[in-house]
Amino acid sequence: MTKMNLQCPMPKLDFDTINLGHGSGGKLTNQLLDSGVFSVLKNDLLDQRHDGAILELSGKTAFTTDSFVISPVFFPGGDIGELAVNGTVNDLAMCGAIPRYLSLAFILEEGLPMTEFWDILVSIRNACAAAGVSVVTGDTKVVERGKGDKVFVNTTGVGTVHPKAEIDIRRIMPGDKIIVSGQLAAHGMAIMSVREGLEFESQIVSDTQPLNHLVKDLLDEFGNNIKLLRDPTRGGVGTALNEMARDRDLGVHLEQRALPIDPQVAGACELLGLDPLYVANEGLFLAVVSGAAAGAMVGAMQRTDTGRHARIIGEFTDQHPKKVVMTSGIGGQRIVNMLIGEQLPRIC
Amino acid sequence: MKFLTEYRDPTVAARYLEEIKKAVTRPWTIMEVCGGQTHSLVKNGILNLLPKEINMVHGPGCPVCVTPVSLIDKAIYLAEEKGVILGSFGDMLRVPGSGKSLLEAKAAGADIRILYSPLEAVKLAEQHPDREVVFFAVGFETTAPANALSVLHAEKMGLSNYSILASHVRVPPAIRAVMDDPESRIEAFLAAGHVCTIMGTGEYGPLVEEYGIPMVVTGFEPIDLLQGILMTVKQLEAGEAKLENQYTRMVRPAGNANAMDAIFQVFEITDRSWRGMGEIPASGYRVREPYAAYDATRKFMVNIAEAPENPECISGAIMKGLAKPLDCPNFGTKCKPETPLGAPMVSSEGACAAYYNFSGLLAEMDA
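For the protein sequence lines, the chains are A and B, in the order given.
Using numbering that gives the first Met the number 0, the letters of the first sequence correspond one by one to residues 0 to 347.
Using numbering that gives the first Met the number 0, the letters of the second sequence correspond one by one to residues 0 to 366.
The set of hints was computed from the structure by calculation and includes no laboratory data.
Mixed in with the good hints, there may be bad ones.
Stated by the list, open to error - Covered by chain B, according to a simulated footprint, are these stretches of chain A (three or more residues, beta-carbon under 8 Å):
id	segment
1	184-190
2	269-277
What the hints assert, rightly or not - Covered stretches of chain B, as calculated for chain A (at least 3 residues, CB under 8 Å):
id	segment
3	3-11
4	73-86
5	350-357
To be verified - List time: in silico SDA-like cross-link candidates among lysine to any residue, alpha-carbon distance up to 25 Å:
id	chain 1	residue 1	chain 2	residue 2
6	B	Lys21	A	Ser66
7	A	Lys146	B	Gly331
8	B	Lys335	A	Arg194
9	A	Lys146	B	Glu52
10	B	Lys105	A	Arg245
11	B	Lys335	A	Glu108
12	B	Lys20	A	Gly330
13	B	Lys333	A	Pro75
14	B	Lys105	A	Gly330
15	B	Lys323	A	Thr159
16	B	Lys105	A	Ile339
17	B	Lys335	A	Val68
18	B	Lys105	A	Gln332
19	A	Lys321	B	Asp129
20	B	Lys105	A	Thr326
21	B	Lys333	A	Leu338
22	B	Lys333	A	Ile339
23	B	Lys105	A	His252
24	B	Lys51	A	Gln332
25	B	Lys335	A	His252
26	A	Lys321	B	Pro328
27	B	Lys105	A	Arg194
28	B	Lys335	A	Arg233
29	B	Lys335	A	Gln332
30	B	Lys105	A	Val142
31	A	Lys146	B	Asp129
32	A	Lys321	B	Lys335
33	B	Lys51	A	Ser66
34	B	Lys323	A	Gly330
35	B	Lys241	B	Glu208
36	A	Lys321	A	Asp274
37	B	Lys105	A	Glu108
38	B	Lys105	A	Val68
39	B	Lys51	A	Gly330
40	A	Lys146	B	Ala106
Predicted model only: the values in this text are computed from it and were never measured.
The C-beta atom is built at its ideal place from N, Cα and C for all residues, glycine as well.
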């Protein structure tokens, strides 16, 4: 899917930075909402401007929330707004759900240039359009300068669970394959490349993207062959696989040579001494799939844009329960542990 | 990736392993000096692929591991009490000082920044003329040129608010200390490729002669290490003791003259205390008198007492090759990366961290 990038000029406003008054709930707040949030994110439910949204949902419903504190707010390949939509959309998709509605809450730091807030709002609108979701309720608060970091965003989402989805870790059996839908570590390395004190020149861009359309198509075709979906954001693929092994009480065997990694990202990881298995991703998922369906599913994924780099990277085994063991590029074996502490400062 | 994938080729690796197996007729104890090599051996699963006769022991080449406790205390003191911006390489942050680590000091409000290059610290000094910026200049001969250059650069820019807290160490005296230990059973060395890229190989010939041990300057990729081990084993089996260079794509016998010029313009050789190993003569660099204004220790008159090391940590024995991480009763129980007793458990070049993260549990699985 090509990224939507609909430009939208900011209207002329009486103010050019956010101040504490914009969070007071009074006239200034209304000005900010009228000329900002409501004018950009128009839809029938939001336009009612009620205290909350009244939704029509039926059947199994997935529900999730996520907060975004990324620094810098604008980074190669995306920004905090797009990330906040995709993050929650993807968490819903990992439940086997079709994402429907989002709430959107901002904590703005006094002094934030209105142009930046506007760009974030437009980015949120574009990301919602790409994912097929609507922001139906929200909140805006302003904190004193120095008490925030430009802007923090929280999104909460609800979605309707796909009728064929049976996402349940307890269904994983030895022999089930692990598929990764894209190349590892792009998001974390894109953030690293622009972080103060660490900057390096590269064309690495974040992989942030909505995964729900691909997931829906896969559930349509492969149904309950898909046993678990997980988007390995913070902590990376290595940590996500460890959590799965621990929670299912089975072992995971990984093939290092099968891990898809962009050469430029691999080079940056080498240079900085980081293991791509622990670097954050924002636009890929891990799928645990019955052995019989894995080949067909990875083929189907590779025919899509979102899943073009998909690979089978390993499988579950009844050997070494709760441990992730990787066969290295030269055929040796190593443990892949859970990430301990932080590999980097805040990256999502 | 050019210069990487070809040194990780499984077919070539299998061929070297086969040759090593053919060459070995009896047990040998070989020390890889550099922590980067230790990590590569463990992370690529090479230790488990080698024939049982080859006992790789892990050397002192982990700069973070050998940085004295008191120096970490000094760094924390500068950041907390003197209000400086302290720049540091990332893996220094989790290393325990006598009271706390830099990471804990950072969480408590000290202005400590993770940097990848000392030149970034000079840039910070330029951007914050009202603040003092100190770079925690840790490392072997490999990082010394960049740290020296940062001083020369700051001088050229006329910056008076930049200085370094230098904790530089040198490899050859450490090899001597390891060999002089009466308990040492080391029969050959893989010398550290990157250190020799800077310094050349001139300092190693005399060590080979004095101790009568084979030494092979070796790189860090799996194929480098396997080739280095093969060259070492061939010498051992033939009863030879020579200095050889496996890492010819990087290491010239004369080293890098520009880098050495920078080092010796700013630094001079001095005795230094190593965490876990004690005082080693002529084993470090200190800032020369003409650059005293860039030496944080002199500039801030830091006077922090030598702090005792945690008696439960056996890092000294590990770095001298007398013990391995799994020999430590606290490994993986009391001492973990989250709660380290010593530096080797948290440094990215520490042997204990390598075992804990990549292989310690493998051994448990085999048992």
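Do the hints match the structure? See the list:
no., hint, verdict
1, 184-190, "violated (count 0)"
2, 269-277, "holds (count 3)"
3, 3-11, "holds (count 4)"
4, 73-86, "violated (count 1)"
5, 350-357, "holds (count 3)"
6, B:Lys21 <-> A:Ser66, "58 Å, violated"
7, A:Lys146 <-> B:Gly331, "39 Å, violated"
8, B:Lys335 <-> A:Arg194, "29 Å, violated"
9, A:Lys146 <-> B:Glu52, "60 Å, violated"
10, B:Lys105 <-> A:Arg245, "32 Å, violated"
11, B:Lys335 <-> A:Glu108, "39 Å, violated"
12, B:Lys20 <-> A:Gly330, "16 Å, holds"
13, B:Lys333 <-> A:Pro75, "42 Å, violated"
14, B:Lys105 <-> A:Gly330, "41 Å, violated"
15, B:Lys323 <-> A:Thr159, "54 Å, violated"
16, B:Lys105 <-> A:Ile339, "18 Å, holds"
17, B:Lys335 <-> A:Val68, "29 Å, violated"
18, B:Lys105 <-> A:Gln332, "36 Å, violated"
19, A:Lys321 <-> B:Asp129, "52 Å, violated"
20, B:Lys105 <-> A:Thr326, "37 Å, violated"
21, B:Lys333 <-> A:Leu338, "19 Å, holds"
22, B:Lys333 <-> A:Ile339, "16 Å, holds"
23, B:Lys105 <-> A:His252, "38 Å, violated"
24, B:Lys51 <-> A:Gln332, "16 Å, holds"
25, B:Lys335 <-> A:His252, "24 Å, holds"
26, A:Lys321 <-> B:Pro328, "23 Å, holds"
27, B:Lys105 <-> A:Arg194, "18 Å, holds"
28, B:Lys335 <-> A:Arg233, "21 Å, holds"
29, B:Lys335 <-> A:Gln332, "21 Å, holds"
30, B:Lys105 <-> A:Val142, "23 Å, holds"
31, A:Lys146 <-> B:Asp129, "23 Å, holds"
32, A:Lys321 <-> B:Lys335, "18 Å, holds"
33, B:Lys51 <-> A:Ser66, "51 Å, violated"
34, B:Lys323 <-> A:Gly330, "24 Å, holds"
35, B:Lys241 <-> B:Glu208, "8 Å, holds"
36, A:Lys321 <-> A:Asp274, "21 Å, holds"
37, B:Lys105 <-> A:Glu108, "23 Å, holds"
38, B:Lys105 <-> A:Val68, "19 Å, holds"
39, B:Lys51 <-> A:Gly330, "17 Å, holds"
40, A:Lys146 <-> B:Ala106, "16 Å, holds"
Checked against the numbered hints given earlier, this structure breaks hints 1, 4, 6, 7, 8, 9, 10, 11, 13, 14, 15, 17, 18, 19, 20, 23 and 33; the rest are met.
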